[in-house]
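Dock chain V against chain H, hints included.
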Amino acid sequence: MCLGVPGQIIEIQPDLGAVADIDGNQVTISVALLPEVEIGDYVLIHAGFAMEIIDLQLAIETKQLLQEFQELNK
Amino acid sequence: MNSNVFQLMEQIKNEKINCSLMEVCGTHTMAIAKSGIRGILPDNIRLLTGPGCPVCVTSQADIDAVIELSCHPDVILVTFGDMMRVPGSKGSLQEARSQGADIRIVYSPLETLEIASENPQRQVVFLGIGFETTAPTVAATVQRADQLKLKNLSVYSVHKLVPPVLRAIFTDKMVQVDGLICPGHVSVVTGIYPFAELAVQFQKPMVITGFDPEDILQGIALLIGQLKSGEAKAELQYRRAVRPEGNPTARQLLTQVFEPVDALWRGLGAIPASGLNFNIHYRDYDARRRFQIEVGNETEIPGCSCGAVLSGKLEPDQCPLFGNACTPIQPVGPCMVSQEGACAATYRYQLLRR
Numbered sequence: 001m002c003l004g005v006p007g008q009i010i011e012i013q014p015d016l017g018a019v020a021d022i023d024g025n026q027v028t029i030s031v032a033l034l035p036e037v038e039i040g041d042y043v044l045i046h047a048g049f050a051m052e053i054i055d056l057q058l059a060i061e062t063k064q065l066l067q068e069f070q071e072l073n074k
Numbered sequence: 075m076n077s078n079v080f081q082l083m084e085q086i087k088n089e090k091i092n093c094s095l096m097e098v099c100g101t102h103t104m105a106i107a108k109s110g111i112r113g114i115l116p117d118n119i120r121l122l123t124g125p126g127c128p129v130c131v132t133s134q135a136d137i138d139a140v141i142e143l144s145c146h147p148d149v150i151l152v153t154f155g156d157m158m159r160v161p162g163s164k165g166s167l168q169e170a171r172s173q174g175a176d177i178r179i180v181y182s183p184l185e186t187l188e189i190a191s192e193n194p195q196r197q198v199v200f201l202g203i204g205f206e207t208t209a210p211t212v213a214a215t216v217q218r219a220d221q222l223k224l225k226n227l228s229v230y231s232v233h234k235l236v237p238p239v240l241r242a243i244f245t246d247k248m249v250q251v252d253g254l255i256c257p258g259h260v261s262v263v264t265g266i267y268p269f270a271e272l273a274v275q276f277q278k279p280m281v282i283t284g285f286d287p288e289d290i291l292q293g294i295a296l297l298i299g300q301l302k303s304g305e306a307k308a309e310l311q312y313r314r315a316v317r318p319e320g321n322p323t324a325r326q327l328l329t330q331v332f333e334p335v336d337a338l339w340r341g342l343g344a345i346p347a348s349g350l351n352f353n354i355h356y357r358d359y360d361a362r363r364r365f366q367i368e369v370g371n372e373t374e375i376p377g378c379s380c381g382a383v384l385s386g387k388l389e390p391d392q393c394p395l396f397g398n399a400c401t402p403i404q405p406v407g408p409c410m411v412s413q414e415g416a417c418a419a420t421y422r423y424q425l426l427r428r
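From first to last, the protein sequence lines are chains H and V.
Heads up: the first sequence begins at 1 in my numbering, then just goes up one per residue.
Heads up: the second sequence begins at 75 in my numbering, then just goes up one per residue.
One chain only, chain H, in its complex shape (with noise of 0.2 Å):
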């Protein structure tokens, strides 16, 4: 249930709404809990919500072991 998917901030909306891209896909998503996150921040997303800000780096490599692990399970 507490399930985190990385994405990346494309657009801040009025009233803490966002435009996340997640793995291709254009989500609306709320940043009522990170109000400081800006454009270009990789953030972990649950449940519609961004959670926290978390490294380019490590949320590419997060990425990539999800996708892994989709390939695995096919």
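Derived from the structure by calculation, the hints contain no laboratory data.
It should be emphasised that the depicted structure is a prediction, and the values quoted were computed from it without experimental measurement.
Among the hints, a few may not be true.
To be verified - No more than 20 Å apart at the CA atoms, straight line, and that leaves these computed lysine to any residue pairs for SDA-like:
| # | chain 1 | residue 1 | chain 2 | residue 2 |
| --- | --- | --- | --- | --- |
| 1 | V | 223 | H | 14 |
| 2 | V | 302 | V | 93 |
| 3 | V | 247 | V | 93 |
| 4 | V | 87 | V | 116 |
| 5 | V | 223 | H | 15 |
| 6 | V | 225 | V | 357 |
| 7 | V | 108 | H | 3 |
| 8 | V | 247 | V | 92 |
| 9 | V | 223 | H | 16 |
| 10 | V | 223 | H | 17 |
| 11 | V | 302 | V | 292 |
| 12 | V | 108 | H | 5 |
What follows is chain V alone, placed relative to chain H:
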């Protein structure tokens, strides 16, 4: 797999220390089962699953009350998908939906706002479930609903807190836990301090751990290191996502909207201040209050060992129903329903166990 993982595996395989390590996060349950890590551990190192799956720890009484509420003709019940198949005393939400109940599955609690504004004549109830990671997302949603003056929205909160249940586990003499793999994404919100306090109080090593196999192996190695040196402190392995201070904005939202209340956990009973319900400022959003719901007595599913499994007293495959009367297709208890339940994860990946 890179050499780092092999090195860690070799190191752990040769450890002679006798210990039981517990994780309390459904995502860890899944990651550990999937990775096959249990299969490579020596017999002297045991990995236990604790009460880390929010769906599994929700009391039968609350599930029954929510199913009953969903059958009310005015109500649209909004829930995360995990809850749909959990068996109540009489059927599940999925069965209620097949009989006409209006139940919507969402990925984010924010979707509840749209549903409420599109259906002003109906009562929209969100089933608020999850630990410290998810509860702030629901708090933020309710605050937004308040700003938007959405009066037809309420939340049935079964949110729970991790530190109080750990205290209950550590004081239970029937459970032997020597070290704790702390939940990575709960820690994103709480930070390291609640775990540091528990580590000292109960003299248990703790490591906040990430979710890939290398993270978990490193977490286990750090725990063993503490056990061997006689230390008991909280360490942070999952540094890429967890700040020692956690997320203060999320915690502030929790205290603005909720207050700790005594809560009923499946298999563990009532635990003081281990749940979250609305505080006085937001109590109009409390679905139990709005619909005057009296939550019934806790009943147990006959023959089901979920309670013992959730507290680490029984391994899933030691339950007499496991794999016979209870399978992911025909689950008897919630630990077999939720993908991240201990029984479902064990069933799915049992060939990897040993």
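Starting from the hint list further up, note which numbers the structure goes against and sort them upward. none
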